[in-house]
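Protein sequence lines correspond, in order, to chains A and B.
Going by the numbering used here, the residue at position 74 of the first sequence is 74; the numbering climbs one at a time, nothing skipped.
Going by the numbering used here, the residue at position 159 of the second sequence is 159; the numbering climbs one at a time, nothing skipped.
Treat the hints with care, since some could be wrong.
As the list makes no split between identical chains, a pair holds if one copy fits it or if it spans any two.
Straight-line C-alpha distance at most 30 angstroms; calculated DSBU-like pairs for lysine-lysine [claimed, not checked]: (1) 210 x 139; (2) 198 x 139; (3) 198 x 132; (4) 12 x 182; (5) 198 x 245; (6) 182 x 399.
I should point out that these hints are in silico values taken from the structure, not numbers from a laboratory.
There are 2 protein chains.
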Amino acid sequence: METELIDKLVTKNDKKIIFLIMDGLGGLPQSTGGQTELEEAHTPNLDRLAALGTCGLLDPVGYGITPGSGPAHFALFGYDPIEYNVGRGLLSAAGLDFPMAEGDLYMRANFATVDAKGVITDRRAGRLATEKNEAICRKLQEKINLSSGTQAFFIPEKEHRALVVLRGGEFCAEIAETDPQKTGLPPLEPVELTPQAKKTAAIMRELTGKMKDVLQDEETANAILLRGYARYRRFPSMAERFGLKPLAIASYPMYKGIARLLGMTLACATNTPEEEIQALQNNYPAHDFFFLHIKYTDSRGEDGQFAEKVKVIEKIDALLPDVCALNPDVLVVTGDHSTPAVLSGHSWHPVPVLLAAATCRPDLATVFGERACITGGLGRLPMKCLLGLALAHAGKLQKFGA
Amino acid sequence: METELIDKLVTKNDKKIIFLIMDGLGGLPQSTGGQTELEEAHTPNLDRLAALGTCGLLDPVGYGITPGSGPAHFALFGYDPIEYNVGRGLLSAAGLDFPMAEGDLYMRANFATVDAKGVITDRRAGRLATEKNEAICRKLQEKINLSSGTQAFFIPEKEHRALVVLRGGEFCAEIAETDPQKTGLPPLEPVELTPQAKKTAAIMRELTGKMKDVLQDEETANAILLRGYARYRRFPSMAERFGLKPLAIASYPMYKGIARLLGMTLACATNTPEEEIQALQNNYPAHDFFFLHIKYTDSRGEDGQFAEKVKVIEKIDALLPDVCALNPDVLVVTGDHSTPAVLSGHSWHPVPVLLAAATCRPDLATVFGERACITGGLGRLPMKCLLGLALAHAGKLQKFGA
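Chain A extracted, bound-state conformation:
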């Protein structure tokens, strides 16, 4: 495997690498003959970097495959996104900094509303207030005791979201999700999907039955839907694999979770891009790899707001000189996947990337945009290969063979 060869060639030095990740960066034109969000944006600083550096287009998982943020970020950090595909529950647990242990089963939960017949009328319980969520989780934690030594944990997240954990046995994740992913249906039964999962399914039935009892008096959050089951899994860290001392600067739990799973140090809480860059400056001496995550490009894409996504890109461009002022040895600017505003969601289109370093070979791209990146020297390549290229440009890889 390509990544394994890279691992064997790693050599340490004090060169610094910054990955500036604009989530969902890639886009599409609003109409025939138009420009993408990135092409439309006025980005003199990114364009200058693109002209100096090497550009290309990244496929997060494979041709035609639309990735979730999990697989896409694993690929960005040099981890094969198929091999390291993990359930959402594990990412939630890591994002919440839940003290994970071998054997645990993690589940993503949504509080939901069901009618008198038990049919789901709102999968998000009216986007429940976070305080209410916290109160209900406390109630579940107090009242629910499972038989046969199994412990359940109920950890609130924002709004209607929560993490449910089972501990005290060797659980199996091959259980049907109880979230039917749409309204008009009752929650599904957590039946076993393989014979090995029979024991876990029995515990899950006990759990869902007792949760139902506790929730029945709630007004809106009178049901809970489970999905994204995942067992605990230990990942080889970026320190182990690449000899890096990585710092993650991200404000959303899921991205923090991925960073934790890969052994990154997390910067103190940040909310705005300005705060994120401040955190980068403050922590610059102590690390040699920096993952700086900008969520808003994706959010505006998801919301279908073309002009707003353009503005976010322009804002980041305006902040770029502060990043460049640190003189990183390698500066990579890219996204984890495309989120074209016209599709209001993730897509399979490749993601523009620029890599700026003193060791870059110049190419034909003179601005940063999807079309310009076609003429980039990196060509079109799997996203999981990007980290190896960054290490190479930072002099962190030895020669292969004599």
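For this one, chain A is given, so just place chain B on it according to the hints.
Same frame as chain A, now just chain B:
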């Protein structure tokens, strides 16, 4: 494997995909500084589609590998051309709609002429008349009885070609071909190539001996040469893998055979591109994937007729508006491989491709040609990845991971 991941992400909808395949489309200039057949052709309709859509270059099997039509078509339909490489005998059997059964051994046969010493003087028996071929096959069928319960079938194809089938046992395909592929040599012995093939080789020797006896009085077709041995093999259908209801519109047996092996429905017999497009229009409501095969680009290339190949491309371009008028959600125009007229045969050069869909990302290609496709947004990619891209652009693939 990438293709297996695609399979898992398939979701059905009523979007329609057309694959317009100009066999052997890719070409080469006739002389230094010249244009390829596709570049030379006046193709305003293809150029318009290329400008609107996304272009690229496909490698049918791998860098430098010249594919036969079998592997190239498997790749077009998303089947790994190395994993699914099958003997020509099986393709012939499928093309003739021979009722195949488990255990059968299929062989491609050529009637040939040998001299008094048994040396081949013509590998095609003077391109035997098809009626004569039919008469000889009837004679072989009547006169040849094999021992130990093995049945042999002799099925005429066009001119000097036939299909020979062994049934009634578990045969082994690892037997030497008896066709030496050139004149001046006698037919070869069907010796076993592995110890496991010993029993089959004995039956093959009985078969070739008895065929020789029957044919010895023939004037021109006094020998038969066997090659392309293949055992029966069941393929996962395009319906099973991709949830498609595919229709094949092709006039040559081999392409029909591949379509049958992959579970496509075959349109009624068609002979001209006009009839093929008529068949497309007639069957449009009942299917969601259409394989429209144009043979003549390849034939003119094989014959070394540059100007004639250009004319075929121009003719298809003129018919293109009738295809576009159906408003397919995804329209792909490409070839299965390159057949440059200057080489009078298949070649390893990548094949230009255009993919037009509302969900396309525009690129730098504004005309359809080999050079323009270098600036296409698809880049250069394995042909087997094309179908996944078509599915993605038609909204037929779910997101991978959370």
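Find the hints from earlier in the document that the structure breaks and name them by number, from lowest to highest.
3 and 5
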